[in-house]
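Number of protein chains: 2
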Amino acid sequence: MHTAASVVGELRAAGELWEPAPGLVALRGETLRLFRALAEMIRLVARGEAAEEWHVPPALTFDTLARADYFASFPQWLTAAAHLDASERELERVAAAAQPAAAAVSALRPTATALQPAICYHVYAALAGTQLDEPVFCAAAGTCWRHEAGRFAPLERGWAFTMQEVVCVGCAADVAAFRTRGIDAAETLARRLGLQPVLAQATDPFFAASTRGRALLQRLRALKHELLLPLGDGRTLAAASFNDHAQFFGDAFVIRDGSGAPATSGCVAFGIERWLLAVLVEHGTDPRNWPVQPLPEPTAARLAS
Amino acid sequence: MHTAASVVGELRAAGELWEPAPGLVALRGETLRLFRALAEMIRLVARGEAAEEWHVPPALTFDTLARADYFASFPQWLTAAAHLDASERELERVAAAAQPAAAAVSALRPTATALQPAICYHVYAALAGTQLDEPVFCAAAGTCWRHEAGRFAPLERGWAFTMQEVVCVGCAADVAAFRTRGIDAAETLARRLGLQPVLAQATDPFFAASTRGRALLQRLRALKHELLLPLGDGRTLAAASFNDHAQFFGDAFVIRDGSGAPATSGCVAFGIERWLLAVLVEHGTDPRNWPVQPLPEPTAARLAS
Numbered sequence: 001m002h003t004a005a006s007v008v009g010e011l012r013a014a015g016e017l018w019e020p021a022p023g024l025v026a027l028r029g030e031t032l033r034l035f036r037a038l039a040e041m042i043r044l045v046a047r048g049e050a051a052e053e054w055h056v057p058p059a060l061t062f063d064t065l066a067r068a069d070y071f072a073s074f075p076q077w078l079t080a081a082a083h084l085d086a087s088e089r090e091l092e093r094v095a096a097a098a099q100p101a102a103a104a105v106s107a108l109r110p111t112a113t114a115l116q117p118a119i120c121y122h123v124y125a126a127l128a129g130t131q132l133d134e135p136v137f138c139a140a141a142g143t144c145w146r147h148e149a150g151r152f153a154p155l156e157r158g159w160a161f162t163m164q165e166v167v168c169v170g171c172a173a174d175v176a177a178f179r180t181r182g183i184d185a186a187e188t189l190a191r192r193l194g195l196q197p198v199l200a201q202a203t204d205p206f207f208a209a210s211t212r213g214r215a216l217l218q219r220l221r222a223l224k225h226e227l228l229l230p231l232g233d234g235r236t237l238a239a240a241s242f243n244d245h246a247q248f249f250g251d252a253f254v255i256r257d258g259s260g261a262p263a264t265s266g267c268v269a270f271g272i273e274r275w276l277l278a279v280l281v282e283h284g285t286d287p288r289n290w291p292v293q294p295l296p297e298p299t300a301a302r303l304a305s
Numbered sequence: 001m002h003t004a005a006s007v008v009g010e011l012r013a014a015g016e017l018w019e020p021a022p023g024l025v026a027l028r029g030e031t032l033r034l035f036r037a038l039a040e041m042i043r044l045v046a047r048g049e050a051a052e053e054w055h056v057p058p059a060l061t062f063d064t065l066a067r068a069d070y071f072a073s074f075p076q077w078l079t080a081a082a083h084l085d086a087s088e089r090e091l092e093r094v095a096a097a098a099q100p101a102a103a104a105v106s107a108l109r110p111t112a113t114a115l116q117p118a119i120c121y122h123v124y125a126a127l128a129g130t131q132l133d134e135p136v137f138c139a140a141a142g143t144c145w146r147h148e149a150g151r152f153a154p155l156e157r158g159w160a161f162t163m164q165e166v167v168c169v170g171c172a173a174d175v176a177a178f179r180t181r182g183i184d185a186a187e188t189l190a191r192r193l194g195l196q197p198v199l200a201q202a203t204d205p206f207f208a209a210s211t212r213g214r215a216l217l218q219r220l221r222a223l224k225h226e227l228l229l230p231l232g233d234g235r236t237l238a239a240a241s242f243n244d245h246a247q248f249f250g251d252a253f254v255i256r257d258g259s260g261a262p263a264t265s266g267c268v269a270f271g272i273e274r275w276l277l278a279v280l281v282e283h284g285t286d287p288r289n290w291p292v293q294p295l296p297e298p299t300a301a302r303l304a305s
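Residue numbers (this note's numbering), protein chains in the order written: chain A, 1 to 305; chain B, 1 to 305.
It should be emphasised that the hints constitute simulated quantities derived from the structure, not laboratory data. Misleading hints may appear alongside valid ones.
[Stated by the list, open to error] So the derived label-pair ranges between C-beta atoms look like this:
id, chain 1, residue 1, chain 2, residue 2, range
1, B, 15, A, 22, 35 to 45 Å
2, B, 256, A, 196, 16 to 26 Å
3, A, 254, B, 99, 14 to 24 Å
4, A, 22, B, 256, 23 to 33 Å
5, B, 296, A, 184, 23 to 33 Å
6, A, 235, B, 3, 55 to 65 Å
7, A, 98, B, 3, 26 to 36 Å
8, A, 254, B, 223, 48 to 58 Å
9, B, 180, A, 194, 42 to 52 Å
10, B, 99, A, 204, 17 to 27 Å
11, B, 259, A, 51, 57 to 67 Å
12, B, 233, A, 230, 56 to 66 Å
13, A, 3, B, 3, 53 to 63 Å
From a predicted model like this one, the values you see are computed outputs, not experimental measurements. Ideal Cβ positions, reconstructed from N, Cα and C, are used throughout, including at glycine.
So here's chain A without its partners, still in its complex pose (with noise of 0.2 Å):
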């Protein structure tokens, strides 16, 4: 019977996973490779909704984390991407220092950069202001970067954590089908993977103490469902979640469906450590046991010899 600490700790000890900096993994070797073939399945998952795929860069502007309202929501997980001030005197200051990583933390400047929380904001910046004959459905992964102090283990909650999302943006029964078929798919990927999948109904963890928080809980209600796949020890994770926000963004974004009504939007978000992790608990740590090959190692000859 294996669980989450059992298998980080063979992981460790094989060096095929490591934390270069508190709440970031490293990974090598057959678990690389293992990751590396879940994050393809998904993939695939998700380009099966998809009429195409993005690449957004890893952060955006606090602006456009302001239009979603996310410092009301979600201030606790903010995580920004901050430069050195560039003058002269200071960059001198930090390259002096005796001490120069304490030097750069004091002469960090304020920034207007976050560093991305989830993809699907990138998607609905980009549609801003416009007006859909047919409902959008993309799909883009990348890394997202959640600060959960205290609350970070391996694989399991990461600092930054490798997302896949495919997102919905249409009118309402466009979004509620999208949501549908999302759910059935993250199950039979589930099971497919040996896994034993159950879906709950979930709450986004909205930081509630503000007035404001509070009532966009209320106003936002958004139907959320999530994946929760076993980690062996009576625990299970959030593997997958499932998300119609209704018209929340349309509106914030400014965003209309084809009859001219604020957009809906939805989307189904995998995360891929979990996904790594609950194989990892369920099958052991040896290749040969589990349900999956990893990808081949590409056989490239030298170019040049």
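Fit chain B to the given chain A structure using the hints.
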């Protein structure tokens, strides 16, 4: 005759390239498929050299960078990942603010986590304190961050960009041969893509204002070459670099070669967006004229329907 500006203008007009934030580029459509095909070709070049691939997270500690004397070398590029003060009071202040983005800036906590300026620091950190019986060859790709305020140009110079690296840590002869093979492989790839590469000796843009920076510059005197690709208007762009760090990182991270001496290290690095730009400048934005077939769309059937 295409130029970087004309190509980027065409992609923007076609909706295949946009900037969600300053220095950050998103891609879709045929351009994205070409980007992925080039990334895969470059990955195969890297895999031809590397014993294995590593998957590294997008950030590392200030301590690792300090050990590599990064703060004295390139403080101007440094980008950090910062999160908010987790106190209820501060989060409430941000959530309830009339200008939450501005409030968030003032709630950012000092940080000790840097977004990686290059991939290879992860390798030196992971090998710290070890003795290598055999040279290590590994490959890894990821997003790197270098802040070059006022110099951002889409695909040419981004705040965040995609780097494929191959790293060799061993003895001096291992690294010298590795570097030569890397140069050959990159030149061969460029010619296969119909480009006219020029190999040039180069110097890292050390921050030389500080005494320490100048001393480093003397001491490192690293052997560096760059592969320059034409940008169509008489300009060229460094699309790959080939670096021999001598014993600098072996000393800094206490890595020993088989003889017990500080290990020698070298790396070969490819900037994927720059290869994309060079191919587009040479061949234009019409996919029918590209010298490489974009990867086919994955043909995923809906898993559940």
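Now for the hints, and whether the structure bears them out:
no. : hint                      : result
1   : B:15 x A:22: 35 to 45 Å   : holds, 39 Å
2   : B:256 x A:196: 16 to 26 Å : violated, 49 Å
3   : A:254 x B:99: 14 to 24 Å  : holds, 20 Å
4   : A:22 x B:256: 23 to 33 Å  : holds, 28 Å
5   : B:296 x A:184: 23 to 33 Å : holds, 26 Å
6   : A:235 x B:3: 55 to 65 Å   : holds, 57 Å
7   : A:98 x B:3: 26 to 36 Å    : violated, 47 Å
8   : A:254 x B:223: 48 to 58 Å : holds, 55 Å
9   : B:180 x A:194: 42 to 52 Å : holds, 48 Å
10  : B:99 x A:204: 17 to 27 Å  : holds, 23 Å
11  : B:259 x A:51: 57 to 67 Å  : holds, 58 Å
12  : B:233 x A:230: 56 to 66 Å : holds, 59 Å
13  : A:3 x B:3: 53 to 63 Å     : holds, 58 Å
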